[in-house]
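Engineer: Kindly generate the complete structure, drawing on both the sequences and the hints.
Protein chains in written order, with the working numbering: chain A, 123 to 240; chain B, -14 to 198.
Calculated from the structure, these hints are not laboratory results.
Honestly, I wouldn't trust all of these hints.
Said to hold, decoys possible - Simulated crosslink set (DSS-like; lysine-lysine; CA at most 27 Å straight-line):
1. B:Lys8 / A:Lys199
2. B:Lys8 / B:Lys(-7)
3. A:Lys215 / A:Lys199
4. B:Lys46 / A:Lys199
5. B:Lys(-7) / A:Lys199
6. B:Lys(-7) / B:Lys46
Owing to the predicted nature of the structure, the values given are computational and were not obtained by experimental measurement.
This is what each chain is made of:
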Amino acid sequence: MSCENWQEQLRRGSLDLAILLTVSAGPRYGLAIIQHLETFTDLIVTQGTIYPILGRLTREGLLASQWVEGEAPHPRKYYRLTDRGRTRLQQMKDEWRAFTDKISRLMAAAERARHESQ
Amino acid sequence: MNLSDTGKSRVNGYLFVLERSLKTFLPGDVARDAVREIESHMCERIAAMDGTPTEHDALEKILAELGPPLRVAQAYAAERIIDEAVTTGRLIPIARAIWQVAATTLMGIARRHGSVQRLCCRDRIPGCRCNEADLSQQRRSASREWHSAVLRSAVPHAARRNRVRRLLDHPGIDRLWNRRAGRDPSRGSKISDPLARARETASHCSALGDRDE
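Structural biologist: Following this line, the structure appears as C-alpha cells:
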C-alpha cells in the first residue's frame, strides 16, 4: 500500500471522531464544521463528502439536525451532539488515546532498538 | 457576491445533476434535503466570495472544493446503502447493498483490469516448464490476488470492507439467497457457489489483502 493510500485510510478513519469533536462544543452548521476542520486539520479533501457522513451520524443517533431559517439570507442545517453521541465521543476519545499510546510505545521501542544496534 | 444569470445556471446545473443522481437511490424527501443542504453551503460560500476577481473563478473554486456532483452522490450512496443494510438486516436494503457493491465491483474490475492479466506463467511465458502442481498453485494465488484487488477497488475504505464482510455473514443473506433460489433453509440446503465465492473473496481480503496493505 502506498503512503498516500495509508494516509487516506487514516484520514477517513478519524473523520467521525473529528466531526463529533467539532460539534461537541455546541451546534454548528455544515459549512462551519468544514471550516473548523480545515482550520485545525487537513482531514477534508472534498467538502461535499462531509455531508453524507453528517447524515450517517444523524441516522445513527449520534447527531441531531435542525433547519434554522432567518439567521442568514438562506436556511442553515445545524447539527448538535445527542446524549448517545456524547457517550460515543467519550468512548472514541478513550480509544484514540489508548491507540496512540500503544503506537508511541512501539515507535519508542523501535528507536531504542535502532540506537542499541548502532 | 450576487450571481449573474450565467452563474445561477452553473449552480442550478450542479444541483440538478446532484438531485438526479441522489434520487436514483435515496427517497425523494431525503434527496431533496441533501440538495437543500448543499445549496445552502454554496449560497454561504458565494456570499463570502467578495474578494475574488471574477464570478467565474469564484464559482469554479467553490464547486471544485465541493467536489463533482456525481462524486458527492456516490459518497451519499456508499454511506447510506451499506449502513442501512447492516443496521436493519432487512432483505431489500441488503439486496440494494449487494447491487451497490456489485455495480462498483464492475468498475473495480475495469479499473484493476491488467493488474492480474495472466493466471500462471504458462500463459505468459512460451515454453514454460513448470509442473502441474506449480501451475495450480500459481493459479490459486493469482485468483486470490485478483479477488482481493477487486474488493479493494470496490470498497477502498478498510472499515467499510469490514462492514461488507459482516453483511455477507448476515443471516438475511442466506434467507435472501435461499428465497431467490427457491430453497428451504430448514432442510439444510447448502449455500450455492456464487455466495460462497463472495464470502471466500471477503475472507481472502481479510486474510491476505488488508494485511498486505
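Engineer: Would you mind marking each hint as holding or not holding in the structure?
Structural biologist: Evaluated hints:
no.	hint	result
1	B:Lys8 / A:Lys199	holds (20 Å)
2	B:Lys8 / B:Lys(-7)	holds (22 Å)
3	A:Lys215 / A:Lys199	holds (26 Å)
4	B:Lys46 / A:Lys199	holds (23 Å)
5	B:Lys(-7) / A:Lys199	holds (22 Å)
6	B:Lys(-7) / B:Lys46	holds (15 Å)
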